Every structure is written in structure tokens, then in C-alpha cells.
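Q: Sequence:
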Amino acid sequence: MVNLKNRKQNNGITVFDQGPGKHHGPIYSIQRNPANSKCFLTIGDWTARIWMEDLRTPIMTTKYHSSYLTSGCWSPTRAGVFFVTRMDGVVDIWDYFYRQNEVAYSHKVCDSMLSSIAVQGTSQQGGKLVAMGDVTGTVSLLELCESLAVPQANERKAIDLMFEREMKQEKNLEARERELRRQRAQEAEGRNKDAQDKKDAKDEKMEALLRKVDADFLAMIKEAEDDESKAAESSPMEGATQDIMNEEK
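Read the sequence shown against the working numbering and you will find it ends at 249, with the numbers running on by one and no gaps.
Result set (EDC-like, lysine to aspartate or glutamate): computed pairs, CA atoms no more than 16 Å apart in a straight line:
{"no.": "1", "residue 1": "Lys-22", "residue 2": "Glu-53"}
{"no.": "2", "residue 1": "Lys-128", "residue 2": "Glu-143"}
{"no.": "3", "residue 1": "Lys-63", "residue 2": "Asp-95"}
{"no.": "4", "residue 1": "Lys-22", "residue 2": "Asp-45"}
{"no.": "5", "residue 1": "Lys-22", "residue 2": "Glu-170"}
It should be emphasised that the hints constitute simulated quantities derived from the structure, not laboratory data. Being a predicted model, the structure only gives us computed values, none of them experimental.
Make the full structure from the sequences, and use the hints.
A: Shown next, in the form of C-alpha cells:
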């Protein structure tokens, strides 16, 4: 989970922990891109992920490395280069200006787990010396070749355009996902309404049937009571007629 504090946005906190794209474990390193402050790098599980402040999902994710990642950082001189250290003592260098689907260079530093990394330099100079520390307390210093340290022609503009393109694509995907969720919610609401209407119709039919049964039962009882009343009225008349016949005899 990443909590992003931005004083310009109502002094609020943006939480990057929802939806797809989050790491499958703790985040060991996080750093903003020196050339683009809205872009930041996170290191966790077996991947490095690049995020933009305006999105809740990463715009770019490296392939899964063969070993767990432990730390990482951007190059101070090249906008598209970043470094990741691994648990097996290897440092991987990614050059997104050159290609995005493969590591540009890997180097076995030691047999112990690397735990930290830093690159010397600023945006104007340096970028060749890389220091890495491992869990035994040893610090290794490497010197990079010119191609990994010296900014390439139009690199910053090209990387900014690439990040912008990926951000727009992710925004379109998020908008599409929101539209699909809205459609699914409407469909579910329609199904629930149809089911409720059917249930209400069924209840109305049951109530009508019960009313009919009650009416038939009451009618039957009334008919039985009327028959009993007629029988009771006719019995005294028959008795009186019988008495008269006996007296005449």
C-alpha cells in the first residue's frame, strides 16, 4: 500500500491500495523520478512498478524477476533508467528508453542478499558510480559504462511522452472499467426489480387465492347455518300437526 501526501490537494492523502496492480507483498523502496516528479517507482515482491499521481494503478510493470527484489532507485542522470537489487545478490538495470520488456544489464555483485542501492550524481553530472550494500554490511561500488550514465538525445522528452501515453491508456481502461461496473450494476438492479415484480405478482395471486378460499369457506358456513335454521323452524310445525291429528282420532 502506498500513501501519497500532496499538500496542494486539500492537504489530503491518496491511497494506492485498491484495484489491480498492487504489489503482492511489502514495498521495500519508493522514489520519484528525478525528471518527472509526478512519476514514482516502487519495488516489491518480484517486480518494479511505475506509477503516476493521477492514477490508482501502475502505468508500467516489469516482468517477474527470478528472485525477490529488495530495493531500487532511479538514475539521477537518465530519465528512463532505474536499478533493482535482488535477494540472490544480483543488480538489474532497466533502460526504458532502449526497451521495456527486458533487463538492459544484469550483474552478480555478491552471494549475499543485497539490501540497498544508491547512485552518485545529479541531473547535470555523475550517474556512473553505483553503491550497493548487502545484509552482511559489505558495500560494493560499481562504475557504469557511458551508455547507462550519459543522457541520450531527446531521452527526457521521449520518456515523458511514453509515460503520458501509458497514463492515458490506463485512464481509458479505468473509465471503461467504471462504465462496465455501472452497466453491471444497472443490469443487476434490473434483474432484482424483475424478480421483485414477479414475487409481488406471485404474492398478489396467492392473496387473491386465499381471499377466494376464505369467501368460499364463509359461504359454505353460511349455507350450513341457513339449512340448520330452516330445519329448526320446520320441526315445531311438524310436531304441532302430529298433535292435531292425534286429537281428531
